[in-house]
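**Q** Modelling step: build the complete structure from the supplied sequences, incorporating the hints.
The listed protein sequences correspond, in order, to chains B and A. When the letters of the first sequence are read in order and numbered with my numbering, they come out as residues 58 to 317. When the letters of the second sequence are read in order and numbered with my numbering, they come out as residues 142 to 494.
Don't read these hints as lab results, they were simulated from the structure. All residues carry an ideal CB built from backbone N, CA and C; glycine is no exception. Hints may be right or wrong, so weigh each one.
Okay, derived cross-link-like pairs now, DSS-like style, lysine-lysine, Cα gap no bigger than 30 Å in a straight line [stated by the list, open to error]: (1) A/Lys244 with A/Lys169; (2) A/Lys242 with A/Lys252; (3) B/Lys139 with A/Lys244; (4) A/Lys252 with A/Lys169; (5) B/Lys139 with A/Lys242; (6) A/Lys169 with A/Lys242.
With beta-carbon atoms standing in for the labels, derived distance ranges [what the hints assert, rightly or not]: (7) A/Ser276 with B/Thr216: 15 to 21 Å; (8) B/Ala215 with A/Pro475: 53 to 59 Å; (9) A/Pro265 with B/Gln304: 33 to 39 Å; (10) B/Ala119 with A/Arg248: 30 to 36 Å; (11) A/Asn157 with B/Asn266: 55 to 61 Å; (12) A/Phe273 with B/Ile75: 37 to 43 Å.
Which chain B residues stay away from chain A? Per the calculated CB distances, all over 10 Å, these [stated by the list, open to error]: (13) Thr82; (14) Leu86; (15) Leu127; (16) Leu140; (17) Thr151; (18) Leu176; (19) Thr207; (20) Gly225; (21) Leu241; (22) Ile295; (23) Gly301.
Okay, here's what each chain looks like letter by letter:
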Amino acid sequence: MTRFLAWTAFLLGVLYFILPLIGMTEFSLKMRRGEYSFDAYRAVFGDPRFWETFSYSLTLAAATIVFGVLLVVPTAYWVRLKLPQARPIIEFITLLPLVIPAIVIVFGYIRLYNTSSILPLTGSALGTDILLTMGYATLALPYMYRAVDTGLRTIDVATLTEAAQSLGAGWFTILARIILPNVLVAVLSGAFLTLAIVIGEFTMAALLNRPAFGPFMQLLGANRAYEPPALAVIAFAITWGCMGLIQLVTRFSKHERAKV
Amino acid sequence: MAFLELSNLEKVFGTNRVVTDFTMGIEKGEFVSLLGPSGCGKTTVLRMVAGFETPTSGAIRIDGQDVTGQRTNQRAIGMMFQAYALFPNMTVADNVGFGLKVKGVPREERKDRVAEMLRLIGLPDLGSRFPFQLSGGQQQRVALARALAPRPRVLLLDEPLSALDAKVRVSLRNEIRDIQRELGITAIFVTHDQEEAMSISDRIVVMNGGIAEQVGAPFEIYNNPRTRFVAGFVGTLNMLSATVEDPAERMLTLAGQRVVLARGEIATPRGETVTLALRPEAIHLGRAEGCEVALPATVEEVHFLGSVIRIRARVAGTVVALDTFNRPDQPPPPPGSAAEISFAARDVILLAD
Chain B
58 MTRFLAWTAF LLGVLYFILP LIGMTEFSLK MRRGEYSFDA YRAVFGDPRF WETFSYSLTL
118 AAATIVFGVL LVVPTAYWVR LKLPQARPII EFITLLPLVI PAIVIVFGYI RLYNTSSILP
178 LTGSALGTDI LLTMGYATLA LPYMYRAVDT GLRTIDVATL TEAAQSLGAG WFTILARIIL
238 PNVLVAVLSG AFLTLAIVIG EFTMAALLNR PAFGPFMQLL GANRAYEPPA LAVIAFAITW
298 GCMGLIQLVT RFSKHERAKV
Chain A
142 MAFLELSNLE KVFGTNRVVT DFTMGIEKGE FVSLLGPSGC GKTTVLRMVA GFETPTSGAI
202 RIDGQDVTGQ RTNQRAIGMM FQAYALFPNM TVADNVGFGL KVKGVPREER KDRVAEMLRL
262 IGLPDLGSRF PFQLSGGQQQ RVALARALAP RPRVLLLDEP LSALDAKVRV SLRNEIRDIQ
322 RELGITAIFV THDQEEAMSI SDRIVVMNGG IAEQVGAPFE IYNNPRTRFV AGFVGTLNML
382 SATVEDPAER MLTLAGQRVV LARGEIATPR GETVTLALRP EAIHLGRAEG CEVALPATVE
442 EVHFLGSVIR IRARVAGTVV ALDTFNRPDQ PPPPPGSAAE ISFAARDVIL LAD
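**A** Listed below in structure tokens is the structure:
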């Protein structure tokens with residue numbers, strides 16, 4: 058009986074998540090009257106704005122990932138190694154972006170970095186891109202920090218650090234050659250989550266008036282019928298592709314199998 | 142001046158004084174063990190030598206060079222940890238060659254040295270394996286090779302055998318000692334296992350409460366413990382109370398019998414009580430030849446340990462343990478039976494409090 062209930066609950070859950078996706082995918086294929094076709098997808102891929110906004114978001118995602126890794130890995134490592142008492146504070150700070158809406162953050166940015174401020178980042182396209190990257194890094198912080206911190210939990214950070222120091226290694230060597238490779242899968246998980254967030258983010262990019270993928274999806278959704286679901290399916294495929302990559306990296310990373 | 146000089150080392154964590162006035166010199170090629178119970182400060186001393194902890198006061202000199210303020214990675218030390226601490230992302234060969242790579246040793250030279258080290262530890266064919274593919278004993282051998290590869294000035298071993306099973310522990314400790322002798326490297330070994338310390342050390346430092354209670358060769362530590370703690374911690378010891386009769390003549394009364402000690406100075410005045418100690422192997426069942434002191438006893442327990450039989454007998458209100466060799470023609474007395482025990486005055490250790 059318990060088994061039956063468990064399966065029922067599982068199936069209901071699957072239906073709850075799968076049905077809207079099936080419906081959306083089916084609708085995206087119905088652009089041609091009376092038959093299924095990929096016309097909506099063709100229209101999306103044929104639109105130059107799709108590639109422009111997608112490559113823009115991809116570039117910013119890469120920049121966000123690099124910045125996030127450079128910020129989070131040394132911070133999480135240092136907190137684990139030297140400041141374990143500061144962990145609750147750091148965790149609280151990294152959780153703030155989940156509590157504070159993106160619109161509040163971006164208005165704060167605009168107020169702080171407008172053209173009449175000391176650091177007028179919004180005065181140029183490059184400056185705004187930098188600001189947007191920082192904003193994305195803030196939004197991705199809870200995911201990136203948790204992923205890296207979980208990765209660090211699986212290794213004996215203190216002893217590995219001391220072992221490397223006793224062999225003559227300095228901090229940079231320890232981080233680059235010992236810590237980072239051992240939390241690489243965790244870092245990649247954080248990176249792919251960051252990619253997924255950046256690709257779909259709308260608020261910050263729209264309010265900073267940058268040609269990102271999120272505002273393009275919104276624009277398309279407001280004016281077309283079949284292309285938006287096609288775009289949503291594409292966005293889902295990107296996210297799932299990222300998740301698949303995480304799994305693939307874990308599987309092919311030989312020493313990571315030892316932790317399983 | 143000794144090769145490794147530790148002068149008046151002190152370490153205080155908050156209000157807790159972990160190491161107090163620790164001074165000793167270690168000669169080049171010497172194998173010294175820091176022995177003591179948990180929390181006695183032995184690991185802190187080792188970590189100060191390694192540079193992981195900064196002494197609150199005192200100085201550390203290696204080969205005449207003051208390294209007290211130096212960072213770990215500048216000290217040219219090698220270290221083995223209890224948890225192996227091999228880098229999981231690297232192969233055995235990469236682990237062993239890590240220190241050399243950091244030092245900037247050319248690839249060919251590094252390759253040769255790694256092969257030499259792997260041969261030294263008896264694992265010449267396992268260079269391409271990852272740490273998780275090795276047993277605990279193999280991992281610790283690799284850790285030894287990795288520590289030795291960059292030719293450190295001092296080898297530090299922080300309870301490296303504690304995580305291994307008994308059989309591997311014994312064989313690996315002998316291997317560590319052989320390799321240390323072969324390379325002539327100065328080594329400090331931290332352990333709480335007295336047998337381990339006694340079997341491989343040139344000298345032992347018995348630590349208690351952050352203080353070095355006694356420093357000496359294993360033979361000296363075992364046979365002439367200077368304090369009650371050392372006597373109790375190293376080996377099994379029977380404590381007996383005796384009354385001083387004539388301090389100048391080292392004459393005492395023990396359970397109504399007069400005992401004249403063969404060694405030690407009695408600073409306690411006449412009529413006062415002193416503590417005497419006897420190793421189980423110094424007490425004999427029955428009146429043995431050369432034993433001046435014989436006391437009546439009641440056998441309480443008999444433990445058959447194979448080649449040795451340990452008997453616990455009550456003597457003058459105190460339970461003492463004595464060891465006798467197993468002889469098939471002489472079965473041990475049953476528990477509850479009356480017996481006589483004897484010992485020689487030369488085997489009696491007078492303990493300072």
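**Q** Compare the structure with each hint and give your call.
**A** Structure-based check of each hint:
| no. | hint | verdict |
| --- | --- | --- |
| 1 | A/Lys244 with A/Lys169 | holds (23 Å) |
| 2 | A/Lys242 with A/Lys252 | holds (10 Å) |
| 3 | B/Lys139 with A/Lys244 | holds (26 Å) |
| 4 | A/Lys252 with A/Lys169 | holds (28 Å) |
| 5 | B/Lys139 with A/Lys242 | holds (26 Å) |
| 6 | A/Lys169 with A/Lys242 | holds (26 Å) |
| 7 | A/Ser276 with B/Thr216: 15 to 21 Å | holds (19 Å) |
| 8 | B/Ala215 with A/Pro475: 53 to 59 Å | holds (55 Å) |
| 9 | A/Pro265 with B/Gln304: 33 to 39 Å | holds (37 Å) |
| 10 | B/Ala119 with A/Arg248: 30 to 36 Å | holds (33 Å) |
| 11 | A/Asn157 with B/Asn266: 55 to 61 Å | holds (59 Å) |
| 12 | A/Phe273 with B/Ile75: 37 to 43 Å | holds (38 Å) |
| 13 | Thr82 | holds (41 Å) |
| 14 | Leu86 | holds (45 Å) |
| 15 | Leu127 | holds (20 Å) |
| 16 | Leu140 | holds (16 Å) |
| 17 | Thr151 | holds (26 Å) |
| 18 | Leu176 | holds (37 Å) |
| 19 | Thr207 | holds (16 Å) |
| 20 | Gly225 | violated (4 Å) |
| 21 | Leu241 | violated (8 Å) |
| 22 | Ile295 | holds (29 Å) |
| 23 | Gly301 | holds (23 Å) |
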